[in-house]
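A.B. asks: Take a look at the letters that make up each chain.
Number of protein chains: 2
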Amino acid sequence: MEEITEQTATASNANWYELDTEEKRLYFFSLTGEDQQAFFRNLSTTEQFDLIIELTDEARVGWVRQLRLNDAADLIQKFPEALREKTLALLDNRTRRELVGLLAFAEDRAGGLMNPRYIRIRPEMTVGEAARYLSSQARGNVEIVYYAYVIAQDQRLVGVLSFRDLILAEQDAVIADTMRHEVVSVHEEMDREEVLSLFSKYNYLALPVIDAEGRMKGIVTHDDLAEVAQQEATEDILKLGGMEALDEPYLKVSFFEMIKKRGGWLTVLFFGEMFTASAMAFFEKEIERAVVLALFIPLIISSGGNSGSQASTLIIRSLALKEVRLRDWWRVLTRELMTGLILGTFLGLVGLLRIVIWQHWHPIYGEHYWLVGLTVAVSLIGVVVWGTISGAMLPFFLRKLGFDPASASAPFVATLVDVTGLIIYFTVANFLLQGTLL
Amino acid sequence: MEEITEQTATASNANWYELDTEEKRLYFFSLTGEDQQAFFRNLSTTEQFDLIIELTDEARVGWVRQLRLNDAADLIQKFPEALREKTLALLDNRTRRELVGLLAFAEDRAGGLMNPRYIRIRPEMTVGEAARYLSSQARGNVEIVYYAYVIAQDQRLVGVLSFRDLILAEQDAVIADTMRHEVVSVHEEMDREEVLSLFSKYNYLALPVIDAEGRMKGIVTHDDLAEVAQQEATEDILKLGGMEALDEPYLKVSFFEMIKKRGGWLTVLFFGEMFTASAMAFFEKEIERAVVLALFIPLIISSGGNSGSQASTLIIRSLALKEVRLRDWWRVLTRELMTGLILGTFLGLVGLLRIVIWQHWHPIYGEHYWLVGLTVAVSLIGVVVWGTISGAMLPFFLRKLGFDPASASAPFVATLVDVTGLIIYFTVANFLLQGTLL
Numbered sequence: 000m001e002e003i004t005e006q007t008a009t010a011s012n013a014n015w016y017e018l019d020t021e022e023k024r025l026y027f028f029s030l031t032g033e034d035q036q037a038f039f040r041n042l043s044t045t046e047q048f049d050l051i052i053e054l055t056d057e058a059r060v061g062w063v064r065q066l067r068l069n070d071a072a073d074l075i076q077k078f079p080e081a082l083r084e085k086t087l088a089l090l091d092n093r094t095r096r097e098l099v100g101l102l103a104f105a106e107d108r109a110g111g112l113m114n115p116r117y118i119r120i121r122p123e124m125t126v127g128e129a130a131r132y133l134s135s136q137a138r139g140n141v142e143i144v145y146y147a148y149v150i151a152q153d154q155r156l157v158g159v160l161s162f163r164d165l166i167l168a169e170q171d172a173v174i175a176d177t178m179r180h181e182v183v184s185v186h187e188e189m190d191r192e193e194v195l196s197l198f199s200k201y202n203y204l205a206l207p208v209i210d211a212e213g214r215m216k217g218i219v220t221h222d223d224l225a226e227v228a229q230q231e232a233t234e235d236i237l238k239l240g241g242m243e244a245l246d247e248p249y250l251k252v253s254f255f256e257m258i259k260k261r262g263g264w265l266t267v268l269f270f271g272e273m274f275t276a277s278a279m280a281f282f283e284k285e286i287e288r289a290v291v292l293a294l295f296i297p298l299i300i301s302s303g304g305n306s307g308s309q310a311s312t313l314i315i316r317s318l319a320l321k322e323v324r325l326r327d328w329w330r331v332l333t334r335e336l337m338t339g340l341i342l343g344t345f346l347g348l349v350g351l352l353r354i355v356i357w358q359h360w361h362p363i364y365g366e367h368y369w370l371v372g373l374t375v376a377v378s379l380i381g382v383v384v385w386g387t388i389s390g391a392m393l394p395f396f397l398r399k400l401g402f403d404p405a406s407a408s409a410p411f412v413a414t415l416v417d418v419t420g421l422i423i424y425f426t427v428a429n430f431l432l433q434g435t436l437l
Numbered sequence: 000m001e002e003i004t005e006q007t008a009t010a011s012n013a014n015w016y017e018l019d020t021e022e023k024r025l026y027f028f029s030l031t032g033e034d035q036q037a038f039f040r041n042l043s044t045t046e047q048f049d050l051i052i053e054l055t056d057e058a059r060v061g062w063v064r065q066l067r068l069n070d071a072a073d074l075i076q077k078f079p080e081a082l083r084e085k086t087l088a089l090l091d092n093r094t095r096r097e098l099v100g101l102l103a104f105a106e107d108r109a110g111g112l113m114n115p116r117y118i119r120i121r122p123e124m125t126v127g128e129a130a131r132y133l134s135s136q137a138r139g140n141v142e143i144v145y146y147a148y149v150i151a152q153d154q155r156l157v158g159v160l161s162f163r164d165l166i167l168a169e170q171d172a173v174i175a176d177t178m179r180h181e182v183v184s185v186h187e188e189m190d191r192e193e194v195l196s197l198f199s200k201y202n203y204l205a206l207p208v209i210d211a212e213g214r215m216k217g218i219v220t221h222d223d224l225a226e227v228a229q230q231e232a233t234e235d236i237l238k239l240g241g242m243e244a245l246d247e248p249y250l251k252v253s254f255f256e257m258i259k260k261r262g263g264w265l266t267v268l269f270f271g272e273m274f275t276a277s278a279m280a281f282f283e284k285e286i287e288r289a290v291v292l293a294l295f296i297p298l299i300i301s302s303g304g305n306s307g308s309q310a311s312t313l314i315i316r317s318l319a320l321k322e323v324r325l326r327d328w329w330r331v332l333t334r335e336l337m338t339g340l341i342l343g344t345f346l347g348l349v350g351l352l353r354i355v356i357w358q359h360w361h362p363i364y365g366e367h368y369w370l371v372g373l374t375v376a377v378s379l380i381g382v383v384v385w386g387t388i389s390g391a392m393l394p395f396f397l398r399k400l401g402f403d404p405a406s407a408s409a410p411f412v413a414t415l416v417d418v419t420g421l422i423i424y425f426t427v428a429n430f431l432l433q434g435t436l437l
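In the order they appear, the protein sequences are chains U and C.
For what it's worth, numbering that gives the first Met the number 0 labels the leading residue of the first sequence as 0, then goes sequentially.
For what it's worth, numbering that gives the first Met the number 0 labels the leading residue of the second sequence as 0, then goes sequentially.
So here's chain U without its partners, still in its complex pose:
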């Protein structure tokens, strides 16, 4: 129940997120004892850093000691080099050794997420002995416990028991006969995204981390993964918005870091969009002869972009949830073709009506306004069908090539569809307006 008391402490201050750094500090140092400690443990690493960075060395180390080892490692990772050394030097030998071990792992590997402290028991113990031994271990500074891991003489993980198993088993049964033999475990070098997908697919509470020899190194728990899940979601969402994820919260990240992350994609998109200028130059004669055609360019290309970004977002999400598989591309294509035809026809009709009705009040579209309206309507059908299809197929294409489908962001699809939209529009115009306006 350790969790629940901690959470009560935080929940009582619902407005925490509305405070700025200075107010947070004031509030934090107004707390005392257990309340303050529980509160501290529940903060994000960045918030913890802000609160303790200006304290004396001793006070700072005291707060580091409050944390579970993997959280402590995350926090120390944020310290400037000199401070990191000083902090480690002030800790006891065992903790320092374990922390240095954790700092060696890249943050994006299972090893970087794990806690080296967990409940270990021997296969030859009885259930009763294990329960007593466990109760002595659990009182100490170990990770919140869900499972006891059965470790053989050679440090290999051979089985696992939950606290529930221990309560339900006969007191004099031998652990080796009571334990579960099939243990799902993760390798210490496993990518954190893979670990995350294991956790979110099966709702594990904790998984053991093993090395290449099958020796147990630590555990990864569901609450550590919750943070990873949030970071991954942020990355995906920002990708959909056409930019790279920032490494820090918006108001914390350095200004030039942010410019870099946004400028990169923006420039790529800009170069893509330059082809519209070339396409337009190609149709300059048509525009000169019938300026009225220029009026509908933004309307037409943006309709393609909007329908394309709907389709790509939908397919990206369906692929991520595995509701749609790579080999479904043909079914998706036919479905999107129909969708594009219906949506395009509808928008085309609205566009036609708009031109014809408008003409009655402000006769600006000339005597051939019906033909202009028809050109816009037919182009809208073509552009929406094309936008929908390319938006839907692009994520498949990217996945097939081994890229992340989420790169088919709304801005990316819109840029792709703009150039082709112009070509569709002027081709339709050349066909329908030949001999009248063109």
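Keep in mind the hints are simulated off the structure, nothing from the lab.
Even glycine gets a Cβ: it sits at the ideal position worked out from N, Cα and C.
Check the hints yourself; a few may be wrong.
[Unchecked claim] Okay, derived cross-link-like pairs now, BS3-like style, lysine-lysine, Cα gap no bigger than 25 Å in a straight line: (1) U:200 / C:77; (2) U:399 / C:251; (3) U:23 / C:321; (4) C:23 / U:321; (5) C:399 / U:23; (6) C:77 / C:321; (7) U:200 / C:23.
[As the list claims (entries may be wrong)] Not close to chain U: a few residues of chain C, all C-beta gaps over 12 Å, as computed: (8) 28; (9) 29; (10) 55; (11) 56; (12) 60; (13) 82; (14) 90; (15) 92; (16) 173; (17) 213; (18) 402.
Please arrange chain C on chain U, whose structure you already have, making use of the hints.
C.D. replies: Chain C in isolation, oriented as in the chain U frame:
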């Protein structure tokens, strides 16, 4: 460890998601005994429905019995009315009563997520008695157990103990003295989004659900919430892509349902985009005099849209993560103003270079190409600054008005910025090209 065995069963068939419905059925019925049951419990409600809907009544009820009560309720909810009655009639009285109770709750309330079976103990028991009683309850058909809830005579929830607490406590201590008194609980009518944010903020494993009188009704567990979390994420992501969330997976949802969900926003955006035609009509004279201006219209408005969608996505996510608060709007505004200026100036320079260099190879921009280039460059600065600022401010504005900031989707921002982008472009052109091209 119930979970772990189940998960091993599923994990062994990594290609499950690549199978179609018929193949899934074949694979499923090739399994037997515990394997098959564990496998079934791990499927989504839709998958379970597909597998059992065509079985005989008795076989179908047998599978419903395999599920935890809240999962069974979700599944039965999917049945056609007649089948629902028939299935309930075949169940034992207690299960039927509990299921009917669950079916009464709307799916989006805590009550609709909860399981009415949980471990309950009395405050006057000793720890030893509780452990024995609990072991008898836990062997039965109760929800996977993390906590034992202490219920008074009047059914009110008075405390809670974890299995760990029970193992660590003295055997003859009284529960009332050992239990935690502060219990975080949720009200049965609490919105599921609120329940979700409680779980994801504090990593609870399970929370008790109580009614208005403080009587305990059931528990909500973290794995039930995982599904809710995924649905909410899908809703947000599709909103960012400019459409409403579908109620079923892409390949399952009815075609006209999908057209409706996509057509709605698409039409709204189309009406918004119609203003570009009006804006263009307003500048028709300028285009007639200098057709060269028309060539850069798509480039300029899309740059505004792209920078705007980056800014809005970033701010939407930061607001969701509470990294940015409503009252930070001024800091965000100044930051985005600087960002827009730098990114706009960079794109402007690239655009200017593009025109000047191109002119050397294909002299299509006329004798005043330097002025044209300057017009494009200055417009790009203006449009990118404007796009960035409006993209960043729109989510604040929506939140302030009580709407979901995520409605500031890329297509929405792009549409908004297109109209104003045209006005900026032609205003700059009128200013810089007066007396030469205009």
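A.B. asks: Against each hint, give a clear statement of whether it holds in the structure.
C.D. replies: Here is how each hint holds up against the structure:
Proximity of residue 200 of chain U to residue 77 of chain C is assessed by CA-CA distance (about 22 Å); at most 25 Å being required, the pair is judged to hold. At most 25 Å may separate the alpha-carbon atoms for a hinted pair to count; residue 399 of chain U and residue 251 of chain C meet this at roughly 23 Å. With a CA separation close to 14 Å, the supplied pair residue 23 of chain U and residue 321 of chain C stays within the 25 Å bound. Distance hint between residue 23 of chain C and residue 321 of chain U is fulfilled; the C-alpha atoms sit about 14 Å from each other, no more than 25 Å.
The suggested pairing of residue 399 of chain C with residue 23 of chain U holds, with an alpha-carbon distance near 24 Å, which does not exceed 25 Å. Taking the CA atoms of residue 77 of chain C and residue 321 of chain C, the gap is near 36 Å; set against the 25 Å cutoff, the hint is violated. The straight-line distance between the Cα atoms of residue 200 of chain U and residue 23 of chain C is roughly 18 Å, inside the 25 Å bound, and the hint therefore holds. Chain U leaves residue 28 of chain C outside its interface by the beta-carbon criterion, the shortest separation being 22 Å against a cut-off of 12 Å.
Every beta carbon of chain U lies more than 12 Å from that of residue 29 of chain C, the smallest distance being close to 20 Å; the non-interface claim holds. Taking the minimum C-beta to C-beta distance to chain U, about 29 Å, the non-interface status of residue 55 of chain C holds against the 12 Å cut. Chain U leaves residue 56 of chain C outside its interface by the beta-carbon criterion, the shortest separation being 30 Å against a cut-off of 12 Å. Consistency note on residue 60 of chain C: stated as away from chain U, and its beta-carbon is indeed over 12 Å from all of that chain's, at 26 Å minimum.
The claim that residue 82 of chain C is not at the interface with chain U holds, since no C-beta of that chain comes within 12 Å of its own (minimum 25 Å). Separation of residue 90 of chain C from chain U is adequate, the least Cβ-Cβ distance of about 26 Å exceeding the 12 Å criterion. Residue 92 of chain C, annotated as away from the interface, keeps every beta carbon of chain U farther than 12 Å; the closest lies near 27 Å. At roughly 17 Å from the closest C-beta of chain U, the C-beta of residue 173 of chain C stays outside 12 Å, upholding its exclusion from the interface.
Separation of residue 213 of chain C from chain U is adequate, the least Cβ-Cβ distance of about 17 Å exceeding the 12 Å criterion. Its beta-carbon lying about 18 Å from the closest one in chain U, residue 402 of chain C satisfies the requirement of being farther than 12 Å from that chain.
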